[in-house]
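Novice: Going line by line, the protein sequences match chains C and G.
Heads up, the first sequence is in the UniProt record's numbering, so the first residue is 1 and it goes up one at a time.
Heads up, the second sequence is in the UniProt record's numbering, so the first residue is 1 and it goes up one at a time.
Where hints are given, some of them may not hold.
Claimed, not checked - Output of the computed footprint for chain C on chain G, the stretches with three or more beta carbons under 8 Å from beta carbons of chain C:
1. 63-76
2. 131-144
3. 253-265
4. 269-280
5. 553-562
Since the hints were made in silico from the structure, they are not lab data.
A virtual CB, placed ideally from N, CA and C, is assigned to each residue, including glycine.
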Amino acid sequence: MNIIIALAVGFSSGALYALIGVGLTLMSVLTRVINFSLVAVGVFGAYLSIRTSPLIAGASLDVQTVITVVVAVLVAALISGILGWIEATWLSEATTTARSAVTVASLLMLISLSFILFGSQPQPLRPLLIGPAFLIGDVAVTKVGVAMLVAALVVGILTWIVVNRTPLGIRLRAVSDRQTAAELLGVNVKGLQVGVWMVVGGVMGLCASIIGNTAAADATSMITLVIPGTAAALVGAFKNIPLTIVGGLVVGALQGALTAFPSTTQLRDWIPILVIVLFLLWNQRKEVWDVAR
Amino acid sequence: MSLASRSRATRRPWLPLAIALGAVVLGAIFGFGMPAYVVFVSTSVLVAMVSLMGLGIVTGTAGMIALCQLSFGSIGAWILEFLYLKTPLPNVFGPLSFLLFMVIAGVITAALGLVIGLPALRLRGVNLAVITLGVAAAVDTTVQQIGFPDQSFAHIPRPFGLSSDPTGDRGYFLFAVIITVTIALGIYALQKSRIGAAWKSVAFSERGTASAGTSVRTAKLSAFALSAFVGGIAGCLIVGQITQVNYLTFTPINSLGLYVLSIVVGSQLIDMALFGGILFVVIPEILKQFRVPLEWSSVAFGILGIQALTSNSNLGTSVRAALFRRRRLMEASRADAAGDHAAVESVAEAPIPAGTGRPLLVVEHLTVEFGAVKALTDVSLVVEEGTILGLIGPNGAGKSTFVDAIGGFLPQHTGTAVLDGEPLAGLPPHRRARAGLRRTFQQDRVPPSMSVGAYLRFVTGGRADPAAISDALTFFGCPDAYTPLSVVDVGTRRLVEVAANLASRPKLLLLDEPAAGLSHDEHLAFADRLRRAPEHFGTTILIIEHDLDLVRSVCSQITVLNFGEILASGDRASVLNDPKVVSAYMGETEML
Numbered sequence: 001m002n003i004i005i006a007l008a009v010g011f012s013s014g015a016l017y018a019l020i021g022v023g024l025t026l027m028s029v030l031t032r033v034i035n036f037s038l039v040a041v042g043v044f045g046a047y048l049s050i051r052t053s054p055l056i057a058g059a060s061l062d063v064q065t066v067i068t069v070v071v072a073v074l075v076a077a078l079i080s081g082i083l084g085w086i087e088a089t090w091l092s093e094a095t096t097t098a099r100s101a102v103t104v105a106s107l108l109m110l111i112s113l114s115f116i117l118f119g120s121q122p123q124p125l126r127p128l129l130i131g132p133a134f135l136i137g138d139v140a141v142t143k144v145g146v147a148m149l150v151a152a153l154v155v156g157i158l159t160w161i162v163v164n165r166t167p168l169g170i171r172l173r174a175v176s177d178r179q180t181a182a183e184l185l186g187v188n189v190k191g192l193q194v195g196v197w198m199v200v201g202g203v204m205g206l207c208a209s210i211i212g213n214t215a216a217a218d219a220t221s222m223i224t225l226v227i228p229g230t231a232a233a234l235v236g237a238f239k240n241i242p243l244t245i246v247g248g249l250v251v252g253a254l255q256g257a258l259t260a261f262p263s264t265t266q267l268r269d270w271i272p273i274l275v276i277v278l279f280l281l282w283n284q285r286k287e288v289w290d291v292a293r
Numbered sequence: 001m002s003l004a005s006r007s008r009a010t011r012r013p014w015l016p017l018a019i020a021l022g023a024v025v026l027g028a029i030f031g032f033g034m035p036a037y038v039v040f041v042s043t044s045v046l047v048a049m050v051s052l053m054g055l056g057i058v059t060g061t062a063g064m065i066a067l068c069q070l071s072f073g074s075i076g077a078w079i080l081e082f083l084y085l086k087t088p089l090p091n092v093f094g095p096l097s098f099l100l101f102m103v104i105a106g107v108i109t110a111a112l113g114l115v116i117g118l119p120a121l122r123l124r125g126v127n128l129a130v131i132t133l134g135v136a137a138a139v140d141t142t143v144q145q146i147g148f149p150d151q152s153f154a155h156i157p158r159p160f161g162l163s164s165d166p167t168g169d170r171g172y173f174l175f176a177v178i179i180t181v182t183i184a185l186g187i188y189a190l191q192k193s194r195i196g197a198a199w200k201s202v203a204f205s206e207r208g209t210a211s212a213g214t215s216v217r218t219a220k221l222s223a224f225a226l227s228a229f230v231g232g233i234a235g236c237l238i239v240g241q242i243t244q245v246n247y248l249t250f251t252p253i254n255s256l257g258l259y260v261l262s263i264v265v266g267s268q269l270i271d272m273a274l275f276g277g278i279l280f281v282v283i284p285e286i287l288k289q290f291r292v293p294l295e296w297s298s299v300a301f302g303i304l305g306i307q308a309l310t311s312n313s314n315l316g317t318s319v320r321a322a323l324f325r326r327r328r329l330m331e332a333s334r335a336d337a338a339g340d341h342a343a344v345e346s347v348a349e350a351p352i353p354a355g356t357g358r359p360l361l362v363v364e365h366l367t368v369e370f371g372a373v374k375a376l377t378d379v380s381l382v383v384e385e386g387t388i389l390g391l392i393g394p395n396g397a398g399k400s401t402f403v404d405a406i407g408g409f410l411p412q413h414t415g416t417a418v419l420d421g422e423p424l425a426g427l428p429p430h431r432r433a434r435a436g437l438r439r440t441f442q443q444d445r446v447p448p449s450m451s452v453g454a455y456l457r458f459v460t461g462g463r464a465d466p467a468a469i470s471d472a473l474t475f476f477g478c479p480d481a482y483t484p485l486s487v488v489d490v491g492t493r494r495l496v497e498v499a500a501n502l503a504s505r506p507k508l509l510l511l512d513e514p515a516a517g518l519s520h521d522e523h524l525a526f527a528d529r530l531r532r533a534p535e536h537f538g539t540t541i542l543i544i545e546h547d548l549d550l551v552r553s554v555c556s557q558i559t560v561l562n563f564g565e566i567l568a569s570g571d572r573a574s575v576l577n578d579p580k581v582v583s584a585y586m587g588e589t590e591m592l
């Protein structure tokens, strides 16, 4: 297997990492939080949605699919919204570290609940898109992979338009930069924050429904996909969406490239760390202090 | 200082040792008196407690997020097993092997911890969280694939020939108690030491830490490495307890659970780490009795964690704060009315200090640019040894930028600064502090997690003995050394900051608006103390201040900055009467 094909192998996961990274970056920019629970809420939505299948068994297959996806998106948005509400209510002026620590606690809760509710066995979480989009040599680039990349780009572009070109974007930036000042100007800070959490959560629910069990067999392994996602987001320093997408694809490509060398499979799991480490070394070559003055 | 106001630690230095000895005796009675099952579970409590104590250094004391404590455990366990099964060393060291291997495993784990922590050097807590979460997952899958050296058939012998049956369990419990108590004593001593103070300081402010002459990098890395060391030891203790481990013993989710629990209880406090260990082990044990899925305990920890984070408190510090309030109330009711130490003695006003005539700090052509904005343009000034120089100017004139540049926080400036013949160029802030250049901050940079005395010991770097510390506190009318900084108001905290920096007897002290937040009377008292300070502490002072009354009453020399350039510089009277200064600084009509 040559390198180009190996890169194609890594494309699907890379695109997924890119989308997760974009979600993380979005939340970091708009709500000052590194959301470690980001993927978990999506996975929860998707896994809970397949519990509805006995209730809607009579409907046609298309209707069933639509209902399942809608439930997944709504559940994910709801869980994410609750987290956002907690952050906006009690930690509005807290540091990024404290706000992110809350998402670590909720990650712990969601992983444990996923053990309890879904077990550690693989579940029949059917992906929305099945099969290859096109072939590179003998390697199929999956529809899921293409969909993830498109989703990452769409989310990125939409975010740019909303943030830079609409009155809503001005408010969002105000809330993120100077929450108290925005509040004094009559901006509905809490509503906006919870809104961002719900929208990003919903996107993650949709994303989990689309990829189904193609990326990971069980709920917990799927939740840990947030790790390569953070690697992607770090490449964009949790600020820059285009760089984040590149970062995700690079992590995926490196992992794919390693599959060409079967003796190095153990390294595969260390790729995200490697990217994180190299990036941090580069990013912090200059001395940076905790506060501006 | 009265006897009652001395800290408990100085009154009873033997107390920690006595408690440790008591704990070992209690452990022996417990281990050989309780049912076998209870003893076995209690060993697990100790292991969890050791993990939590290690974590407490990073999360509690140094304020970072670390999510791979059990990965360190698994690395430590792996190394111990490797040394036992793949090397001839056990034949060489016999019954001592376990203890020795445990230390080796801890040291190697600490080295790996350094490698992980190094790239996140400027670790804002969140970067460390990202890295450690990644490490947790990667170590987990790697260990799943390569397995432990015991390969699920060999058993690792216990230390000192203890058997692997319930009798051996009892002996091993005592062994675990001794190890745990030793680690607890070590951590307690470190927390009381200068390095422990550095951890607390860095959790509150990196700039404040560097300005006290402590390297931020060293503080953070030492905390993380020590935490990894203790994590590795905990892993070895698990091996000794169950004699055979696999990847399930060290799952990443339990690392998350330990982190959250560490926040909930405040596991930098030894007793709270024990309490956390009990929660971590006993709650799942209870759930097991009722046949409820064990994961519910993690759900509970998650909820408790969110509660602790949203209320910004943990059990340990809340309990201690309540105890302190009670103690203070009792002491206050006992104290008689005569003990008002804050009163300023009514001696004659000290004169404005005259210098020795020798230039101490020579700054030439200092220019600082932030992009297109020139914050300072070609600033040159000389501070004479033994004087107080006032640096004044309107808001945005570049006064604080000047202090930042001289203090080493703006390395990209041009121009030179020479302190007492020694060029400062290229030195990071903590090295400048050690070279005798100290500064205070406009913002509150005094870590509330310390006591006044501990803060002074930290800032002075151990150079000031208790008498000197007490002298500096009395000199500025600060609260007693045992008072926690968390109960001191912000204005007084700045005084404590000034007192601490003077007590470290630097050559030059840069004060950035030290009197903000003081009342008018306190202002007057502060001015008088400041005038005495150069002689009392042997320190030259540069003071930035908006209050012209204060500047007029303490400074012999004044430099005025406006729009980043020197408007006037010279002796007090001529500068303050300079028409340029009057118009630029005070407005056209204001008379000085």
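Novice: Please go over all the hints and tell whether each is borne out by the structure.
Specialist: Hint by hint, here is what the structure shows:
| no. | hint | in the structure |
| --- | --- | --- |
| 1 | 63-76 | holds (count 4) |
| 2 | 131-144 | holds (count 8) |
| 3 | 253-265 | holds (count 6) |
| 4 | 269-280 | violated (count 0) |
| 5 | 553-562 | violated (count 0) |
Going down the numbered hints, you'll see the structure goes against 4, 5, while the others check out.
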